[in-house]
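Engineer: In order, the protein sequence lines correspond to chains R and P.
Note that my numbering numbers the first sequence so that position 8 is 143, with each residue one more than the last.
Note that my numbering numbers the second sequence so that position 149 is 284, with each residue one more than the last.
FYI, nobody ran anything at the bench for these hints, they're computed from the structure.
Small disclaimer: the values here were computed from a predicted structure and weren't measured.
Hints are supplied without guarantee of correctness; some may be wrong.
[Unchecked claim] Listed next, the stretches of chain P that the computed footprint assigns to chain R, with coverage defined by at least 3 CB atoms under 8 Å from CB atoms of chain R:
1. 197 to 207
2. 216 to 224
3. 270 to 279
4. 292 to 304
[Claimed, not checked] Chain P is nowhere near these chain R residues, computed Cβ spacing over 10 Å in every case:
5. M178
6. E181
7. Q186
8. K218
9. K251
10. I259
11. P285
12. N287
13. E295
14. S308
15. K322
[As the list claims (entries may be wrong)] Computed list of chain R residues with no C-beta within reach of chain P, every gap over 12 Å:
16. Q221
17. Y223
18. P261
19. H273
20. G324
21. D330
Ideal Cβ positions, reconstructed from N, Cα and C, are used throughout, including at glycine.
Number of protein chains: 2
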Amino acid sequence: MSIHYPAGVKTPSTSPEMEKKKKKATSQKKKLHFKVQPGNRGMAFEDDINQTNQYYLDHDLAVIHKKPTPINIVKVDYTHGAKITQAYFEEPSTTDYNGIYQGRYIDFEAKSTHSKTSFPLSNIAPQQITHLKAVMKHGAIAFFLINIVPLNETYLLPAEYVCAFYEEKPRKSIPLEEIKKHGHLVKEGYAPRLDYLPILDEFFLK
Amino acid sequence: MSIHYPAGVKTPSTSPEMEKKKKKATSQKKKLHFKVQPGNRGMAFEDDINQTNQYYLDHDLAVIHKKPTPINIVKVDYTHGAKITQAYFEEPSTTDYNGIYQGRYIDFEAKSTHSKTSFPLSNIAPQQITHLKAVMKHGAIAFFLINIVPLNETYLLPAEYVCAFYEEKPRKSIPLEEIKKHGHLVKEGYAPRLDYLPILDEFFLK
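Same shape as in the complex, but just chain R:
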């Protein structure tokens, strides 16, 4: 079977690691029901996180869910059941993921970037910073999962650091070396795909 890789994604070698990724990409493509475009790497990342959270749920480790995309519904046709015929995407006022782990409230946002050198802060909405600061004040474990697409690496970066950087630094992006210094590389695998809980154990719960 031939795999049609999206533009901008390197043709993989045939190492077992890459074979695994190939399979993963194929299954994700099927699930998405549309052709994978370069911009949809973000969706594959989201899929990895959702599958990780499902793994945590199935193994009774944590209960963390992605919130549905906020949508402003304008028209619904009730002729045959309820079919939404006019609606618009809304700006999220919070982050995408929250839940509970080890009795603690967990809150995070996941973002992927195509930049090899930095994470552009334009990816983060101001109200998300406000939200993260509020939950941290009440005792949450809050962070970002940042996927650096060209490196195929994901970092867990504490929200405390991101919020401080966002508000104090006159810069439009967080340099990669800063992400590496203040963040933690998330171990990738088959299941869970992005094992971020051990990082919480080590750096937030000790």
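Since the structure of chain R is provided, determine the placement of chain P on it from the hints.
Structural biologist: Showing chain P alone in chain R's frame:
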């Protein structure tokens, strides 16, 4: 201005309490942008909870949000911005509300019933019971807010009780006297409209 009360709702007397409610109903009607139907009492209840959570957020007491309604998007027209032209409502796999209070993960579902004598369990999806049991296992404060429409009363009922009733009792609804016995009447007011945090202080956090 005349108010068109929905069928099944008593015409109010002219007591100050009722006048206040009248005003509230009118402002809610404006907000909803459509005629209030009997089934929409649930939306007014939702509105009360959202305004309560906003009050808690504004006063730095808790960060609790309603999750957006899960929607399965089928078609999006990108001609002028992004307009969703075909989408369907999905069954929620979790509860509607979650967040953090006093460092604790909070999770609840809100339901209103038109029955004067009991709360029908058909209002609760099996996966919501599964979800509530999972979060409780991990240390959540979990409950239901049940609005008894004909009595104009709201009760906070611990999820632990509801889950046990759901699974152990061969009954299709929780009788009102059981709700009163195991639940706690939520104080209604102007702001916050449904002050449920004091109940958490007294019965979950002590």
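Engineer: Among all the numbered hints in the text so far, which are the ones the structure does not match?
Structural biologist: Checked against the structure, the hints that fail are numbers 4, 8, 16, 17 and 19, while the rest are satisfied.
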